[in-house]
Amino acid sequence: MATTVIPFGPQHPVLPEPVHLTLKVEDEIVKEAIPALGYVHRGLEKLAEIRDYHQMIQVCERVCGICSMIHAVCYSQAIEELMEVEVPKRAEMLRVIWSELHRTHSHLLWLGLFADAFGFESLFMQFWKVRERIMDINEATTGSRVIVSVNVIGGVRADLSPEQIRWILGEIDIVEKEVRALQDTIMNDYTVKARTVGVGVLSKENAYLLGAAGPTLRGSGVAQDMRMLGYGGYSELDFEPVVETSGDCWARSTVRFRETLQSIDLVRQAIAKLPEGELAAKVKGNPPEGEVYMRVEQPRGECVYYIKGNGTKHLDRLRIRTPTFANIPPLLAMLPGCELADVPVIVLAIDPCISCTER
Amino acid sequence: MFGSFIKKSRAKSPWIMHFDCGSCNGCDIEVLACLTPLYDVERFGIINVGNPKHADVLLVTGTVNHRNKKVLKNIYDQMPEPKAVIAIGACGNTGGVFRDAYNVVGGIDKVIPVDVYVPGCPAKPEAIIDGVVVGLGKFAQKVEEAE
Chain H
1 MATTVIPFGP QHPVLPEPVH LTLKVEDEIV KEAIPALGYV HRGLEKLAEI RDYHQMIQVC
61 ERVCGICSMI HAVCYSQAIE ELMEVEVPKR AEMLRVIWSE LHRTHSHLLW LGLFADAFGF
121 ESLFMQFWKV RERIMDINEA TTGSRVIVSV NVIGGVRADL SPEQIRWILG EIDIVEKEVR
181 ALQDTIMNDY TVKARTVGVG VLSKENAYLL GAAGPTLRGS GVAQDMRMLG YGGYSELDFE
241 PVVETSGDCW ARSTVRFRET LQSIDLVRQA IAKLPEGELA AKVKGNPPEG EVYMRVEQPR
301 GECVYYIKGN GTKHLDRLRI RTPTFANIPP LLAMLPGCEL ADVPVIVLAI DPCISCTER
Chain Y
1 MFGSFIKKSR AKSPWIMHFD CGSCNGCDIE VLACLTPLYD VERFGIINVG NPKHADVLLV
61 TGTVNHRNKK VLKNIYDQMP EPKAVIAIGA CGNTGGVFRD AYNVVGGIDK VIPVDVYVPG
121 CPAKPEAIID GVVVGLGKFA QKVEEAE
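Order-wise, the sequence lines are chains H and Y.
If you're matching positions, the first sequence starts at 1 in the working numbering and goes up one per residue.
If you're matching positions, the second sequence starts at 1 in the working numbering and goes up one per residue.
By construction, these hints were calculated from the structure, which means they are not laboratory data.
Glycine is no exception: its CB is placed at the ideal position from the N, C-alpha and C atoms.
Below, simulated DSS-like cross-link-like pairs (lysine-lysine); rule was C-alpha separation at most 27 angstroms, straight line:
#1 Y:Lys69 / H:Lys46
#2 H:Lys46 / Y:Lys110
#3 Y:Lys70 / H:Lys24
Simulated restraints on C-beta separations:
#4 H:Lys193 / Y:Glu126: 34 to 40 angstroms
#5 H:Lys129 / Y:Ser13: 19 to 25 angstroms
#6 H:Gln164 / Y:Phe2: 55 to 61 angstroms
#7 H:Trp167 / Y:Glu126: 18 to 24 angstroms
#8 Y:Ala127 / H:Gln164: 20 to 26 angstroms
#9 Y:Ile47 / H:Glu84: 51 to 57 angstroms
#10 Y:Arg99 / H:Asp316: 19 to 25 angstroms
#11 Y:Gly3 / H:Pro329: 50 to 56 angstroms
#12 H:Gln164 / Y:Glu126: 21 to 27 angstroms
#13 H:Glu121 / Y:Phe2: 28 to 34 angstroms
If you want the footprint, here are the derived chain Y segments under chain H, 3+ residues with CB under 8 angstroms:
#14 30-37
#15 62-68
#16 99-109
Can you make the complete structure from the sequences, with help from the hints?
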């Protein structure tokens, strides 16, 4: 059988971002996939040498617009640990609220894009319609829809008033109702199942050995969620990692769907346990010499920040390891053997965030 | 008669294409949000297409870097004349927060001519729709001049 080479990307209708896969195809069956990255590389880790450690929050938020809040939380927590700053309890809980709102909007966004990848455009519109309520909450509480920019070293810069909290609780009730109305379609619909069940299977062993992260890992049956480490306010909240065992695209979308509902519940819990107090601790001086690793759970999986301070206002090194980068080897293991028409579905199933990956 | 029909429908129902040129995703999801029920640019006759050969208007988000500048130029060259380019967000306009990074060339206008600049980091859907409407005015003018 002759091999045909088909380029997938960098500009492709199903991908919001440029990534290139060279697909070697026999008939309609993919035999090998070779990735090419670097279309979004900006080199922002090195900006830590030009911008001071306060300004780097704004840069870290723009590693990825979709999960910007969680990147900023990770960076701030790393600096706070290095400088031994005590973050007020209220600030920690507020960070949880905005982080979980970000996770909700990221998962709803992905569920929509995923529906679009297998051609279910009305479902895409439905999920994005629901998502707009979360964006309204972001805009009303922080002034910005996507990059909320509420973190400062030592806490947060915005507060939630009692009226805002009442309004948010009402809004997320509506969001939950509207998301639940779509549950039957994304999980049980015949056409959706025909495109997702048994497609792009990743076994539990492979998921672990290849270092998958986030919903890709949990969809294969490994219960690993960095929020269980109890960083920030998560130690006071009650939740379990969401796990599915079939390891196919259906499992990954189901994990994300259930996590959306879990995040809405976490927002409620965090609001119920929101303590009174200061918004931010005073931070003086520069980060001392030393190094810190910080791990948080992004919508796409585990995100690791490594920082090395040298006593000046600039950092010696900032290293970011993002979940999509960890999920590319599992993706390459899923693709061989699949049909060419399933490639967009499988690629989207890992929720690729290329701007995270390449920074 | 056929010529005037094409001229009218080109400006009345422009097909747009979106290219992410090294953006942080913030502007991209706002561009997509424009197509969804709340903002719904399809009511202006705008359709999002994936093929540059079908497109009249190119929306570009993000900074240009040394690797994707060839891709951007290639996509621009594939679009048929007349065409309009809209640069979205601080990065697309000037390089934004990344302008000092080593792999960043700068704004979109370093590589291809830009007709409309939409500010914001990320640009709000309202701003993007406004930019597209202004871009359509310029596009209609170009259609006129091409006659």
